[in-house]
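Trainee: Given the coordinates of chain A, assemble chains B and C onto it according to the supplied hints.
One-letter residues, chain by chain:
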Amino acid sequence: MIRYAYFPGCASESTALSTTLANNFVFGRIGIDLVEIKDWNCCGATSAHTLSEPLGLALPARSLAWAEKNLPELDVVTGCASCYARLKLTNYRVRQDESARYMVEKIIEAPYEAKREVYNFLDILSPADVRGRIEEQIVRRFKNLKAACYYGCLNIRPAEVTGAKDRENPQAMDELARLTGAEPVDWGFKTECCGAAHQNDAAFETRPLARRILENARACGADVILTACPMCQLNLEMRQAEYARKRKDEKRGKASFPLLDVVLPPPEKETIPVLSITELLALSMGAGSGRLRLDVHHVPVSGVLSKGFRDENESEVMI
Amino acid sequence: MSKIGVFVCHCGTNISSVVDVYKVAEAAAQMPGVSYAAEYKYMCSEPGQQMILDAIKEHGLNRIVIAACSPRMHETTFRKMLKKSKINEYLLEIANIREQDAWVHPPGEEATEKAIDLVRMAVAKVAKNEPLKSSLIPITKKALVVGGGIAGIQAALDIADAGHEVVLLEREPSIGGRMVMLDKTFPTLDCSACISTPKMVDVSAHPNIKLLTYAEVAAVKGYIGNFTVTIRQKAKYVNQDICTGCGICEDKCPKKVTSEFNKGLSDRPAIYKLFPQAVPAKPVIDRETCLMLQNGKCGICAKVCPVEGCIDYEAKDVEYDEDFGAVILATGYKLVDWGGMYDEYGAGRYPDVIDGLTFERLVNASGPTEGHIQRPSDGKEPKTVVIVKCVGSRDPKKGKPYCSRACCMYAAKHAHQILDKIHGARVFIFYIDVRTPGKNYEEFYDQTRKDGAVYVRGRVSRIYSDGEGLVCQGEDTLLNKQVRVKADLVVLETAMEPNEGAGELTGLFGASRDVNGWIQEAHPKLRPVETQVGGVFLAGACQGPKDIPDTVAQASAAAAKVIGLLNQDEMETSPMIAAIDESKCSGCGACEPICPYRAITLETIRSREGRFTNAERVIAKVNAGLCQGCGACTVACRTGAIDLLGFRNAQILTEVDALWQ
Amino acid sequence: MTDQETLQELMDKADVRQYDCYQCGKCSGGCPMADAMDLKPRGVMRCAQVGSLNRILNSNTIWLCTGCYACVDRCPHDVNVPALIEEARYEAARRGIWRRDSEVLNKVFVANLKMFGRNHEMVLAGLYNVLALKPAQDAQSVPHMMSKKLIGIRPHSIKENGELAKLIERAESWDKLASAPQEVKK
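Protein chains in written order, with my numbering: chain A, 1 to 319; chain B, 1 to 661; chain C, 1 to 186.
Bound-form chain A, shown alone (with noise of 0.2 Å):
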């Protein structure tokens, strides 16, 4: 068995209601046990290190504490890219800086020594064994699935702390993709920043980030963007009405009610749909998607689904 301590973040509680519940379902089969930080508080990102560089490290610094003390032999993982960045970063500084070592122990009332690494899900799905793992638990493969694998920018970089060696173009999740019998796309934003750091402060500003990654993959041929992280999740998702209402707007010439969005959503055709990657792995292991609760999608995830799988040892499954 395989473990490691776990730091859910605030999204597993309430956005990512579906990611939360594949991850439970695939680190369950393949045996992987995720030991929950007690007590864990909110990393801080993505606003705590905005105003001072204490509270961006010391926020996160209190669950690691934690886990350094209760959990001495256990790595620790997350599986959101803003929480990853925030505690790989405190781990890297007070290992690299005997004063913010100091800072941080002051604050948060506890030593912390950082003897532990800190990983995001695709370090820790990607080892060989685990896919071997992996392979062994997928009982339907995905046809014809085009996927756009989307890393984030935080899970990557930056690379002194994260250690990623290909920072433009990573490979990890696309091989992950490819056990589901998914085909992943080359396309040019990977590890493009979608801006969700933002999403509420400077929204105006953020918008093109997020339409651009999304437009990027449907034009290099992608059926679904797969994701490593609830917030570009979030972000890639819940606007993807609005983007379209507005790609209509600049071709009309002439901007629409924007709370039009509720009452008439989008053709199918110009949204996509955002799974993450663990919900692809879920449903290639067999989940069903009432189970996995894929219905809290912000864009309706039939696209994917109605692609149907492989016809590999039996007839063609269903859901």
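Here are the computed lysine-lysine pairs in the BS3-like style, where the Cα-Cα straight-line distance is at most 25 Å:
1. A:K248 with A:K269
2. C:K166 with A:K106
3. A:K106 with C:K13
4. A:K254 with C:K134
5. A:K106 with C:K114
6. C:K13 with B:K397
7. B:K255 with B:K234
8. B:K486 with A:K251
9. C:K176 with A:K106
10. A:K38 with C:K166
If you're looking for bench data, these hints aren't it; they were derived computationally from the structure.
Mentor: For chains B and C alone, coordinates are given in the frame of chain A:
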């Protein structure tokens, strides 16, 4: 009894504005052993030298100290001067009171005091100096030029025209190098092949040039004037003496491999000439891909060859030694593997992102598309082309720290060619700076803008596909605006780096390379075509990025140096070399691996040891031709048996002692 | 301290040297937020080179940078612009120079954390929209998220949220704590 003369130079006002030269001369006159001291405005000038010679006669001086500029500057000048007197030219010391004093200190007492100290040290040392005599070594009147690109070709022709024998060695099956791959050359736009292939023919026809293609240097022994080079002639499997070059074998060869010469844009057979105008114009068999040589099944070329016994599958590589008096390294450059450096430019996964040399083949009349610019992915003619400069250059993090010098110009040339050949084409050139320091270069840049090329100041940040084509994203730094250019073809003007194998080859000759791997010249300004190894010269881009005019100029310069050397029957060697006191040498061999010039060997001698009259023992020997007098061995010697003549330990210690007097 | 010295101090903290930048624009060229910034990453470096601290502190850049690190990743001289931007943001906050929306969000965010210890989306977005005078921002998604119970009024607070609030106060006053002489240790 030493009678030392001290001469203090003002160097115009270079020294005298900082150092009180009169005071220095006065102080010098009081130093032990000094019988005469004087100062003068320009010691190195004709009257200055005459003044010294007169003083030697008048005061019967037998040792000289000159307090002036660095010995690198004028030591040889004054040594030559001493040849006119009866003083041995090594009984001279230079006190460097310019670079080591006047130029680095503010005017005042302290600078003068330092000058006096420096003179005192020189006086102390010169008293201990001993006369040295240079020896003469014979010279083999034949030159080796390694590398058959335009640098090697030019150097070989120049030396041969001067009447000396030359061996031009090239590892590819044909000479021509990079230049024959190019289409047109800036700034004149004359066809590269039209001006280089005649030179290639000249090489093959020249009575003084022996051309060795498909050959490599395997080993090097010897020293200036007397090199012995082991040459490895790779098997060509085609008898070059009887082959008529008819080309039937090439047509019939069933094996096709990617053509290196066409940068992967076309295929070539396993039996091949590098390109149609190759010199020699006879094919070789590439043994790595030939079906017959790999698994013994085929033999078609031998069957179709009209000349009996011309194709010989049994041929073997041959190694042999040849003697040379001088060597020119002209190993050239290659373009960096940008795909391995720039993930943000697609890391090579977009076929329509190509480097400049690939574009040269694409636009070349004798290239795979016969000069029609067709993009590699689908053969379509591109309408919008983006040219990106400084890819791998000026990038210490991912590429090379240096500027590759030629790219600004060939980028302009590429733009011109695209606009010339494709009607209605649009060309965007992303640049950081436009560098055109050459004759008619700026004018060429002007013309390119007139042709319609749009220069965008900014380094492209990334290149991605939008599903239909390529998008180049960067900042127009002059507009302060992010721009995205949708391109049909992207040409990356990539950095030059030293050619494959240049490092090992340089090592064989004992020459050194700089931090970037380019061969190090002996002095960047004053000895630009010499390496630190006597008799080994360099030409062209092996020394650093260069365009064709500079390469040819440097090749001729290197040739002139070689001609100068080969014109002598024998040459003087510097006597300031390591000397071994055989009685002290224990034969431990510590000095041997330390010598960077491989000048030290261990030898067994027979000598009288106590009561043994014929005892055998090992001692170190210094080869006077190889030793460059660096002194590394003297420090390594445990018994203190090695001294550097002219810089004996005792002499240097005297100098140090003098500082504290 | 003069602006010149402050700027130098910010650059030292960020480990950025102004002379490393030769203004090639590769950073701004790839910056996802460049279109919205009044001073793009290259401009920040330019201001650093000419000593114009005020322009940096008053730019919207320091509030809009998402910290994606694409610029430094591609920079040929490894100039860590985001680190400089971060230091400049702290300095701006110290001087009370704020971009209004960022100020509102950050304050709401920290208040939210002090209350619950975790991020409560309803409270965060709701309070922000009210205080930033943007009542309709993202309102179209609310019915869906409410109906699927993705967000709601149910608080998800941590047990030791009192402790956490104190922790946050200690962090916020760290500059004062650290400058107390007996506390300093390097």
